[in-house]
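What follows is each chain in one-letter form.
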Amino acid sequence: GEDVEQSLFLSVREGDSSVINCTYTDSSSTYLYWYKQEPGAGLQLLTYIFSNMDMKQDQRLTVLLNKKDKHLSLRIADTQTGDSAIYFCAETPRSNDYKLSFGAGTTVTVRA
Amino acid sequence: NAGVTQTPKFQVLKTGQSMTLQCAQDMNHNSMYWYRQDPGMGLRLIYYSASEGTTDKGEVPNGYNVSRLNKREFSLRLESAAPSQTSVYFCASNRGNQPQHFGDGTRLSIL
Chain A
36 GEDVEQSLFL SVREGDSSVI NCTYTDSSST YLYWYKQEPG AGLQLLTYIF
86 SNMDMKQDQR LTVLLNKKDK HLSLRIADTQ TGDSAIYFCA ETPRSNDYKL
136 SFGAGTTVTV RA
Chain B
124 NAGVTQTPKF QVLKTGQSMT LQCAQDMNHN SMYWYRQDPG MGLRLIYYSA
174 SEGTTDKGEV PNGYNVSRLN KREFSLRLES AAPSQTSVYF CASNRGNQPQ
224 HFGDGTRLSI L
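Chains as they are written, first to last, in this note's numbering: chain A, 36 to 147; chain B, 124 to 234.
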């Protein structure tokens, strides 16, 4: 949706770090999410962050939130071939907790 | 643990035909959702059901109807399919403001 924007493609070498960026417009967002979609599959929740947090780390994943700039990023350390997928950023606006707004998705390709 | 189950996984229809996409969840979630996924556009919300007995329109409801049959099941109906409805359809569910869980999708082609 137009409320959430992501770059469409990212190519990264195996073993390097990947950084996927996302910007959103709703300053009242409560939760921000990262989902992963592998070919032919549904969306798998990777991680999420509450809007009063700046950072969240979970194994190889680090999420950074800059509320002032309305910018969210996902860093994947030591990127592996199994990380090749489409990554979606999504937000839950405070005004309507039932609506989840998605970005268009970033296709990450990991090359050997 | 099945989670969110969608049927069928694939379907081809002719323009004007009708069909119902089925979705069931076994996580005792209150809320259920239908999205469509089109290339370069992410997921767009078609309809949602905040609780059993209620349904509301999302971003792109035209051409669709839904039924919240019971707490577990939420179906999406295309009364007269159009080529513009060729898409991948995802069902999701959650409780309160917890993250949504998604099914594996139904790939629908309309000729």
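These aren't lab readings, by the way, just hints derived from the structure by calculation. A virtual CB, placed ideally from N, CA and C, is assigned to each residue, including glycine. Be a bit skeptical, because a hint or two may be false.
[As the list claims (entries may be wrong)] Chain A side only, calculated, beta carbon under 7 Å to chain B, not exhaustive:
{"no.": "1", "residue": "Pro74"}
{"no.": "2", "residue": "Gly77"}
{"no.": "3", "residue": "Tyr83"}
{"no.": "4", "residue": "Phe85"}
{"no.": "5", "residue": "Gly138"}
{"no.": "6", "residue": "Val143"}
{"no.": "7", "residue": "Val145"}
{"no.": "8", "residue": "Ala147"}
For the hint on Gly77 of chain A, does the least C-beta distance to chain B fall short of 7 Å?
4 Å, holds
How about Val143 of chain A: closest beta carbon in chain B under 7 Å, or not?
Violated, about 15 Å.
Would the hint on Val145 of chain A be counted as holding, given a Cβ-Cβ threshold of 7 Å to chain B?
Not OK, violated: Val145 of chain A not within 7 Å of chain B, min 21 Å.
Holds or violated: is there a CB of chain B closer than 7 Å to the CB of Phe85 of chain A?
10 Å, violated
Does Tyr83 of chain A pass the interface hint, meaning its C-beta sits closer than 7 Å to a C-beta of chain B?
Since the shortest Cβ distance to chain B is 6 Å, the answer is holds.
Tell me if Gly138 of chain A is really an interface residue toward chain B, meaning its C-beta lies closer than 7 Å to one of theirs.
Holds, about 5 Å.
Proposed interface contact between Pro74 of chain A and chain B, which counts if any beta carbon pair is under 7 Å:
11 Å, violated
Restraint outcome when Ala147 of chain A is required to lie within 7 Å of chain B by C-beta distance
27 Å, violated
Violated hints, in rising order: 1, 4, 6, 7, 8; the structure is consistent with all others.
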